[in-house]
Amino acid sequence: MDSFATALSILYQFGTNGAFLLLSALGLIVILGMMNIINLAHGELMMLGAYSATTAVQHGLPFPVAVLVAFVVVGVFGAVLERLVVRRFYGRELGALVVTWGISLILSQGSLLLFGPFMPSIQIPGGFLRAGPYSFSVYWLSLIAVCVVVIVALWWLYNRTTFGLQARATMQNAAMARALGVDTGRIYMLTFSLGAGLAGFSGALLAPTTSIMPFMGQQFVAPAFITVVVGGAANVIAGAVGSSVLLSLVRTPIGFLFGSFLGLVALLLAALIIIRLMPDGISAWLQKRLDNRARTRA
Amino acid sequence: MTDEFPKSRTCPQSGSEEDRSLKPDRRTVVKGAAAASIALPTYLRDFNFMQSAKAQGTGPVKLGFIEDESGNLAVYGLQKLHAAQLAVKEINEGKTLKGAPNIGAGILGAMGQVASKPPVISKEGTALDTVDDGGAKDRTDLVYEEDGEILIDSGEKGVLGRELQLVSSDGQSNNSVWQQLARRMIQEDKVDVLVAGFASAEREAIRPIVDQFKQLYFYTNQYEGGVADANTFCTGPVCEQQVIPTVQYMVEKFGPRAYTIAADYNFGQLTAAWTRAYIPLVGGQIIGEEFIPLSVSEFSQVIARIQQANPDWVMTLLVGQNHHNYYPQAAAAGLRLPMASTVNMAQGYEHKRFKPPSLANMHNAIQYQLEVPTARNRAFVKRWMQMFPDDQYIGEMAQNTYFTIHLYAKAARLAGTTDQPTVKKCLELGWNIEAPEGSVFLEPGTHHCAHPIRLAVADENHNVKFVRDWPMIQAWWLQRLGVNLVRNPEYKQYTPDEDPYFAMFGKKT
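Each protein sequence line maps, in turn, to chains A and B.
The first sequence maps to residues 752 to 1049 in this note's numbering.
The second sequence maps to residues 134 to 642 in this note's numbering.
Think of the hints as simulated: they come from the structure by calculation, not from any bench.
Everything numeric in this text was worked out from a predicted model, so none of it was measured.
Incorrect hints may have been included.
[To be verified] Chain B residues, not near chain A, derived (Cβ > 12 Å throughout):
| hint | residue |
| --- | --- |
| 1 | Gly192 |
| 2 | Leu211 |
| 3 | Ile236 |
| 4 | Gln246 |
| 5 | Leu275 |
| 6 | Gln312 |
| 7 | Gln313 |
| 8 | Glu337 |
| 9 | Ala465 |
| 10 | Phe487 |
| 11 | Ala508 |
| 12 | Ala512 |
| 13 | Pro522 |
| 14 | Met637 |
[As the list claims (entries may be wrong)] Residues on chain B that point at chain A, a partial pick, calculated with CB under 7 Å:
| hint | residue |
| --- | --- |
| 15 | Ser203 |
| 16 | Ala207 |
| 17 | Gly237 |
| 18 | Gln298 |
| 19 | Ser302 |
| 20 | Pro426 |
| 21 | Ser433 |
| 22 | Gln434 |
| 23 | Val435 |
| 24 | Asn443 |
| 25 | Gln454 |
| 26 | Pro461 |
| 27 | Lys485 |
| 28 | Pro489 |
[Stated by the list, open to error] Here chain B is said to cover these stretches of chain A; the calculated rule only asks that three of the stretch's residues, wherever they fall, bring their Cβ under 8 Å from a Cβ of chain B:
| hint | segment |
| --- | --- |
| 29 | 839-851 |
| 30 | 863-869 |
| 31 | 872-882 |
| 32 | 956-966 |
We put the CB at the ideal spot given by N, CA and C, even for glycine.
Chain A on its own, in the form it takes in the complex (with noise of 0.2 Å):
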C-alpha cells in the first residue's frame, strides 16, 4: 500500500513540476515559438495577470471568473503594447530583446510605486486528497488538468481553424501571406495579444500559490524560457510538452531523492545536455526522426 502511495506521490510530484515549467511557459510559446519575439517582458505579463486576478478577487468575483478576467485584461494590454511598440522591432530579434527589458523594468517598477512592494495573497482553493502518508492539493490537481486542456485548445486553434493556418502563413513568410489576401497586421497584434493573454491567465492560476509582489514574474522567467528553448520552433507546442515532461522526468526523482535544491541543479543541467545534443530542440530532434522514418519508409 505504502509503495503505492509513494508511487501516486512520486506521479503527482512528476504532474506538478510538469505544470509548473507548462504554466510558465504559456504566454511565451506562442510569443517566443511562434512569433519569434524574445519576450523578456514575459515574467511582468503574468505578474499582471496575477495582480488583476488578485484585484478581481479582492472584489468579490470568484477565483475562476478572476482568472478570466486576467485574461482578458492582460490580453487587451498585450495588444496595446503591440500596437505602440512591439510592432516596430519585427525581425529585429535584438531590438525587441531590448525593448521587452525596458517595458519589464517599467511594468514592474511601476507596479511597485502603484500598489506597492506586495499584495495579500488569495488563499489557494479546494482541499487536499490523501493517500497513505502522502497527500495532494486538489488546487494542484487541478492546474494540471488545465494545463491539459489549454495546450489540447492551444493545438485545436493553430491547427483546425483559419485563424491557425492565416497566423502559421504569417509565421513562415509573412509577404505571402501578404498576397494571399491575410491582414497580417492583425494576425500580428492578434498572435501576440494571445501570447500576453496567456501569460496573465497563467500568471493568474499560480497566483494563489505565489507571493503577488512587482518582482514576482522573473522566477518564471528562466523556467519559461528553457521550456520552449529545449521544446524548440519546429513544433513549438508539441515541443514544449516534450520539453517540459522530459524535464520534470530528469527533475522529479532527484528532487524526490536528493532535496529541491539539486532537483533545480538537474533540470539545469539537462537543459544543457539536450540543447547540446539537439540544438534545435526536441521538436526539431523529433520531426527529424518522423521524416527519416517516412523517407525509408518511402
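With chain A held as given, fit chain B onto it using these hints.
The following block gives chain B in isolation, referenced to the frame of chain A:
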C-alpha cells in the same frame, strides 16, 4: 547626563477595573531595576568626555539606515523603516526610553496571583484584544515585574541639542545594492551611526565595509549568532536564546523526530546547524534536513519529502516572501504537522497574511511580536498605529530597530559626543534599556543582548498564546567561546562547528 534612571520601586499602576482586566495576569506591573549609584569603570577613566564633546560636529546627527523596502524581503524592511521613523520622531520630540548603563541583566520577581492558563491573544492583533486572559487568578505564583510606561522625557529635543536625521535607503533585497549603499552612507553621507541589515547575507556583505571604516554599526535582527565584531552591536536575539527553548519544548511536547527546512544561506544553514547540534542534548534527532534557495516558491516536492519522512514536528526556517508560500501550500496539501521556528510568524506575520490553518500549531520562542500582552507593549502599539494607521503588523525586528535607535541616542547623550569611538566605549559600559518587549541588557563583552523570551504558539484560528516565559535569557554562547571584544577586538563570525562542547556532548547514539 539628561536621562532619568528608573526610579526605584514605585507602586503598581492601579488602573480602573477595566484596565485591570486588560492586564496580563502573569505580570503585575511594578518598576523594576533598582538602580543604585554607578561608578565609572576603570577603563573609562581614560576618556575625557568633555574634550570629545568639543570635537563633535554641528548640524544634524546622521543616522544611516538601510532596509529592504522592495523585493523578496520588503515584508520585513517596511516594518523596520517605520520603526526607525517612529524612534527618530520620538527622539526629536524630546522623548527617550527608560534605561541606564551598568545595571546588568536581571529582573525583579514577586509573589502574585496568577491564572493557571496562559493568555490567548486574538488575531485581531492590532487592537490587542485579549480574548481569553487565562481565566480567574486562582493561584499564587512567582511573577516578574515590569514598568507599564517606558517612554519618558529626555530633557532635550534630538541628540546633544542637534536634530537626529534619518538617512535611509532601499536595499532592494539585493546584496550588492547593500554594499553600494553602505559605502555611500559611510564615505559620502558620513553617518554618525549605521543601523542596517535584515538577512545575514546582507550583514556579511556590508560588515567588511563597516570594519574598513570602523563605522559604529547596529545589526538589529534576530539571527544565527556568532558575530564577534568590535564595530558591530547585535541587538536581536540569537540561536542560544531561541533555538534551545523552542527545541526543548517541541521534543518534550511532540516527540524526538524533527525535520528541518531552512533557507539556503548563512542564516538558514547555521540555525539548522544549531538545531542539529543541540537536539541530541534533549534526546531528539534530526531525521531530515533540506535547504531551499531563496528564489523557490513552489513546495510540492518539499511537502512530499516531509510526508515520506513522517517526522513528529517540522523546524521551518523560511525567509522571504517566496518561502512564505510554503505555509498555505502545505496546508492546502494536507500537511498538518506541529511546526517550530525562530523567524516565522514573529517577523513576516504569516499568521495574518495567510488564512487559517496555514500557521496552525506554529511555535516560536521570540522576544517580541505584536501580541506580547503587556501594558508597555499596548502603549507602544498605540503610538505606532497613530503614526502608521495602515500598518498590518509590528514584528520582532521592527521592535528591535525601535529600541536600538533609542539606545544609540542615550549612549551618545551620556558620551556627550557623536564621536564614534567614544560612543562605542560608552555602549560598552553595558546598558539596560526598557523596550516594548521588556528589559533588554546589552552585554559589553560580546556586543549582544540579553532578552526576555516568550514561547508563542498559533492555534487553529491563528490566535496567539504564550505558553512559556523566560524573564531573561543571556546571549551566552560567545562568552563560552571566550569572546571579549572590550579586551580583544575581533572581526569574525563563529559557527557551532567551532564549539568543542557540541561535538563532545552532542554525539548521536
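Right, here's what the structure says about each hint:
no. : hint    : result
1   : Gly192  : 32 Å, holds
2   : Leu211  : 7 Å, violated
3   : Ile236  : 40 Å, holds
4   : Gln246  : 41 Å, holds
5   : Leu275  : 42 Å, holds
6   : Gln312  : 20 Å, holds
7   : Gln313  : 18 Å, holds
8   : Glu337  : 20 Å, holds
9   : Ala465  : 4 Å, violated
10  : Phe487  : 7 Å, violated
11  : Ala508  : 31 Å, holds
12  : Ala512  : 28 Å, holds
13  : Pro522  : 15 Å, holds
14  : Met637  : 30 Å, holds
15  : Ser203  : 5 Å, holds
16  : Ala207  : 4 Å, holds
17  : Gly237  : 41 Å, violated
18  : Gln298  : 24 Å, violated
19  : Ser302  : 15 Å, violated
20  : Pro426  : 6 Å, holds
21  : Ser433  : 4 Å, holds
22  : Gln434  : 5 Å, holds
23  : Val435  : 6 Å, holds
24  : Asn443  : 6 Å, holds
25  : Gln454  : 4 Å, holds
26  : Pro461  : 5 Å, holds
27  : Lys485  : 9 Å, violated
28  : Pro489  : 10 Å, violated
29  : 839-851 : violated (count 0)
30  : 863-869 : holds (count 3)
31  : 872-882 : holds (count 8)
32  : 956-966 : holds (count 7)
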